[in-house]
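Peer 1: The chain contents come next:
Protein chains: 2
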Amino acid sequence: MTLHKVLFLPGKKTGHFETGTNLRDAALELGIVIESTCAGIGTCGKCKVQAHEGLSPLSRVEEELLSARDRSRGTRLSCQAQITGPCVCVVPEGSQTFGDQIMVEGRRGHFPLDPDVRKVSVQLPEPTLSEKYFDFEQLQDALARQHARVDRFDLDAVRAAPAVLRDSKFGVSAIVDGQALLAVEPPTAAGLFGVAVDVGTTTVAAKLLDLQTGETRAIGTALNPQKAQGADVISRIQYTIEHPGGLELMHRMIVKEINAMIGLMCEEAAIARNRIVRIVAVGNTVMQHFLLKIDPRNVASKPYAPAFQGPALVSARELGFDIHPGGSVYVLPNLASFVGADITGVLTVLDIDDKDAIHLAVDIGTNGEMVLGSRSRMVCASSPAGPAWEGAYIEWGMRAARGAIERAEIVDGDLQIRTIGGVEPVGICGSGLLDLVCEFYRAGVIDPSGRIRAADQLPGSVPPALRRRLIPRETGVNDIAIARIDADRSILLTQKDVREVQLAKSAIATGIRMLMKELNVDAGQIATVSIAGAFGNHVRGKDAVDCGLLPPVPEERVRFIGNAALAGAEAVLLSRQAREKAERLSRDVGYVEISEKPDFQDVFVNSMLFPDRL
Amino acid sequence: MTLHKVLFLPGKKTGHFETGTNLRDAALELGIVIESTCAGIGTCGKCKVQAHEGLSPLSRVEEELLSARDRSRGTRLSCQAQITGPCVCVVPEGSQTFGDQIMVEGRRGHFPLDPDVRKVSVQLPEPTLSEKYFDFEQLQDALARQHARVDRFDLDAVRAAPAVLRDSKFGVSAIVDGQALLAVEPPTAAGLFGVAVDVGTTTVAAKLLDLQTGETRAIGTALNPQKAQGADVISRIQYTIEHPGGLELMHRMIVKEINAMIGLMCEEAAIARNRIVRIVAVGNTVMQHFLLKIDPRNVASKPYAPAFQGPALVSARELGFDIHPGGSVYVLPNLASFVGADITGVLTVLDIDDKDAIHLAVDIGTNGEMVLGSRSRMVCASSPAGPAWEGAYIEWGMRAARGAIERAEIVDGDLQIRTIGGVEPVGICGSGLLDLVCEFYRAGVIDPSGRIRAADQLPGSVPPALRRRLIPRETGVNDIAIARIDADRSILLTQKDVREVQLAKSAIATGIRMLMKELNVDAGQIATVSIAGAFGNHVRGKDAVDCGLLPPVPEERVRFIGNAALAGAEAVLLSRQAREKAERLSRDVGYVEISEKPDFQDVFVNSMLFPDRL
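If you're matching them up, the sequences are chains U and Y in order. According to my numbering, the residues represented by the first sequence are 1 to 614, in order. According to my numbering, the residues represented by the second sequence are 1 to 614, in order.
Hints are not guaranteed to be accurate.
Which copy is meant is left open, so a pair is good if it fits within one copy or across any two.
Unchecked claim - Mimicking DSS-like on lysine-lysine, the simulated pairs with C-alpha atoms at most 25 Å apart in a straight line are: (1) Lys-5 x Lys-597; (2) Lys-119 x Lys-597; (3) Lys-293 x Lys-597; (4) Lys-46 x Lys-517; (5) Lys-12 x Lys-517; (6) Lys-293 x Lys-169; (7) Lys-302 x Lys-169; (8) Lys-46 x Lys-542; (9) Lys-119 x Lys-46; (10) Lys-119 x Lys-169; (11) Lys-12 x Lys-597.
Simulated from the structure, these hints should not be mistaken for laboratory data.
Please take these sequences and the hints and turn them into a complete structure.
Peer 2: Printed below as a string of structure tokens:
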């Protein structure tokens, strides 16, 4: 595996990516959502960036959609250009959508730069014989005069104060964390930094931020190493129940990985890691428990009671993080057993709680989480969509990896596919699966009940090339051939696969519908639908609405907000106002246990169907 | 060295003492001040106790002062009875003076039993599927309903909660420390304990207290092991300056010693040491710095600025104390550079700040500390008395150890002495020194300027036996023979020794006088003089007034309050009100730097004289 360094401007975000990764996905991984309406399938031509080196030659799509002038300026379509070497990619301002605005501009716009941890410069009077004088208490008084009242302290700060005060002629910098004195330094000491981290079940994303300017200094991504003990949260909990020391292991693994990410980010930004004074973390409830080494076993069985909602503000040293010895870790609060701190992070950077109109936020993944509401009331729910989006229980399913069919579209009467890395297809990942099902449904090959029609039942509008893809089975059902692998074998979309997709999308749709019922709103009243999460950002808004995963809202009301959970962690790291908002949300957002509602079954079965409105 | 266990009733205080220690001194070491007006010289006959075994035979003094009935009931004079074996000693209620009342009754009288750390029993609702339920937050709610709001937590308590809640059917005991949750336990868990400790430069005294009843469960005393690095605070600071790692060593030594004392006390009380959740410590400023591992070097040179006033509330684990892992150490605040947390402790159990009349508190030692005032204003000062009280720079001086002359009185025309342990004299300790100087002054052998009169200048009233003790020197001065050691040598009180005593007592007297000037009060206005500290409790009130160490107040206004510093630590351990009082005092008590006052020299020289009023 060869990794290439890619620098995205103007945000100065850097990542390392495998050969064949397209620029749009790479940007997404760093939290930059490049605007497009086709979600990367290569039909809208909107995801333009500027880049000259380290990329695959112009694709057929780019040759069609880019003007001669575009091409002469090094413009590429980010969904088409694949990374082949080190690359600098300029993302035009206009091309960065909401998601990135939250993280770069929105953050500053909504929240003042006002982190918990800050530097305060003070000049103390020098001690005299005739007056009561204690170094720490004088410092305390001087800080109070600068409106930085401290009533707690890290003992090491008190210990360091006498020498620093005298070496610096009683003019020093104090690092103040809320109302606690964290360190006393010469006024010439280096800057202050913080790390925001989103601990996902599958991936971990982090940013190193300058607490004094709000600037992003480095970005890091990694796989969650706990994957070795189970792909999903329940199997990891099971592991900890069955293995003595399992919880300790889960905890150590994630801390070690984050420590390693911090090391790489510090290296990149040329910052000493002990200048990091705060880590702010988001993650689902189980990831939060593992991070804090709290046993989440009761989340795995009814009534699914977690040990801890949070927020937690704990010593970084105590958790094993290698940052400033007085540094701390803040973990955002969860909303409910399966609506974790990551969703609190998303809501922190959305302004749903400040709006008169109804807004919907959805995180689509193995578990779907949804929040609906407005200023007057917000409710959340979760719904287990299952691992279909990750390729499990799908005949040719696979994770979003090299060779996976990630995009599919019927063009000129037949199916066109695109794979990750642009190589020969080896399977189908979540976004490809949804594309395939939606395309064949829109074409009339799949009926509103989800049945793949037999050849003789197909509407006349179905083009011959599609008809030829039908493979009738002895059981009376039909499968669809997607791509030939060799003489004997084809990648298939089976009837059973369609059923799995129906179950998965119905889970999400049911969660949303139950919340709509709870608040007594219909789709027309929903002003925006914000889609968060890695998988969500690979879904086309049109697909999501057409297949009934989302309620029937106009496509333009659907927006993709990228890793808004991480953006939430960043906001909380940089602004006390954001932190207060997150904590307020954790108290105020109500929870609806959809499975306990009497009409749950009805809504679920009904949501299995494809909306009959094409 | 043989140690004998002595149990004092009714307070159930136990200590181990060397053969020959008199019961009164043993009691004093455990904080029990047995009433007497002769301060242990054996003339008042008031210090009666009941004890049958493990003691020396009746002394001549006892035979004179005890009635036949007294003797038949096992009554002894505690200043006379020397320990020779294991002993149970009953101190009559009436015989326990102020000092002990503070520690046992006064504490309960003045302050409600309301420690920072307490147990709260709660019953939680059981989780249900349909409601938001997080173990910790439910516990938080249940505690709030019991008026125990917690907004912080020890992470281990959060970690333990899920299993304990389920094992105990959601009815548990929470250990709450202020507003922090420290532990969650089954309702059947053991009691809660705390340790009060007075870290003296020379000795360390500690008590193990039951936080739920206020009861004393064990008492411990030890020498401060830092003595190996210097007898006084300045030489210990010097050691830490000259030796890398010296501060760390001082810190580790004292923590190790206190840990050992805790171990012994826990053994005696049959308590697991992890049931101790709070240590409250007092000590002078330098001892406080060493305990917290804060460099006190700036206390050793002008302008004597300590690093830290306090109070400090820090993790016991962080300081290396082996108690409950979530336990904490609270160190009382200092008042000034040389008026430490021990004096704050003393003031906490005195009620000077609550009185309309003027009261004086004095701690007499190598350093003298004095506080004068009333409800309206309190001021403190310190004055370096020097080590004369410890026998340094005194021709035959020695510490208060076996063989030291600790008492002297002119009886029937000649000097009678008493030594520690009742053995042959080998030197003179502080209390003996003051006795000798005062007796010879009252007898007219020493004149008001401190000069030992020549034989031909002695008043006619001086009995012949005393006259024969004068030893004229070639330099024109006279020394006084105190006790013959062998054919050639006698223990002497030299003219130079008298001068040393004058310097030492003048230092204390000057401090007191400067405070009286500051508040513009004369001796007649002083309602009580409370003498604290180990040495102070060996001084006779009459001596202290006669020699001018104390202002001329009637003898009955002088009271000895024993180790009131430790009593202050106990009060703070057992009552939030006491803690608040200590913190208020540290802010409110003003400091007077006596050496900076223009009339300091005049007052000092004047205080050297013996008051000419006999």
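Peer 1: For Lys-293 vs Lys-169, is the C-alpha pair at or below 25 Å within one copy, between two copies, both, or neither?
Peer 2: between (44 Å within a copy, 23 Å between copies)
Peer 1: Could you figure out if Lys-119 and Lys-597 sit no more than 25 Å apart (CA to CA) within one copy, between two copies, both or neither?
Peer 2: Classified as neither: same-chain Cα gap 51 Å, cross-chain 40 Å, threshold 25 Å.
Peer 1: Cα distance capped at 25 Å. Does Lys-302 pair with Lys-169 within a copy, between copies, both, or neither?
Peer 2: between (62 Å within a copy, 16 Å between copies)
Peer 1: Evaluate Lys-12 and Lys-597 at a C-alpha cut-off of 25 Å and name the case that applies: within, between, both or neither.
Peer 2: neither (48 Å within a copy, 64 Å between copies)
Peer 1: How would you label the pair Lys-46, Lys-542 (within, between, both, or neither) given a Cα cut-off of 25 Å?
Peer 2: within (16 Å within a copy, 100 Å between copies)
Peer 1: Classify it for me, Lys-46 with Lys-517: is the Cα-Cα distance of at most 25 Å met within a copy, between copies, both or neither?
Peer 2: neither (37 Å within a copy, 87 Å between copies)
Peer 1: Please sort Lys-12 with Lys-517 into within, between, both or neither, judging by C-alpha distance up to 25 Å.
Peer 2: Neither way: Lys-12 and Lys-517 sit 44 Å apart in one copy and 70 Å across, limit 25 Å.
Peer 1: From the Cα coordinates, with 25 Å as the cut-off, is the pair Lys-119 and Lys-46 best called within, between, both, or neither?
Peer 2: For Lys-119 and Lys-46, the Cα distance exceeds 25 Å both inside one copy (43 Å) and across copies (64 Å).
Peer 1: How would you label the pair Lys-293, Lys-597 (within, between, both, or neither) given a Cα cut-off of 25 Å?
Peer 2: Classified as neither: same-chain Cα gap 33 Å, cross-chain 60 Å, threshold 25 Å.
Peer 1: At 25 Å max between alpha carbons, let me know whether Lys-5 reaches Lys-597 within a copy, between copies, both or neither.
Peer 2: Neither way: Lys-5 and Lys-597 sit 50 Å apart in one copy and 72 Å across, limit 25 Å.
Peer 1: As a check of your reading, is Lys-119 near Lys-169 (CA-CA no more than 25 Å) within one copy, between copies, both or neither?
Peer 2: within (18 Å within a copy, 48 Å between copies)
Checked against the numbered hints listed earlier, the structure breaks hints 1, 2, 3, 4, 5, 9, 11; every other hint is satisfied.
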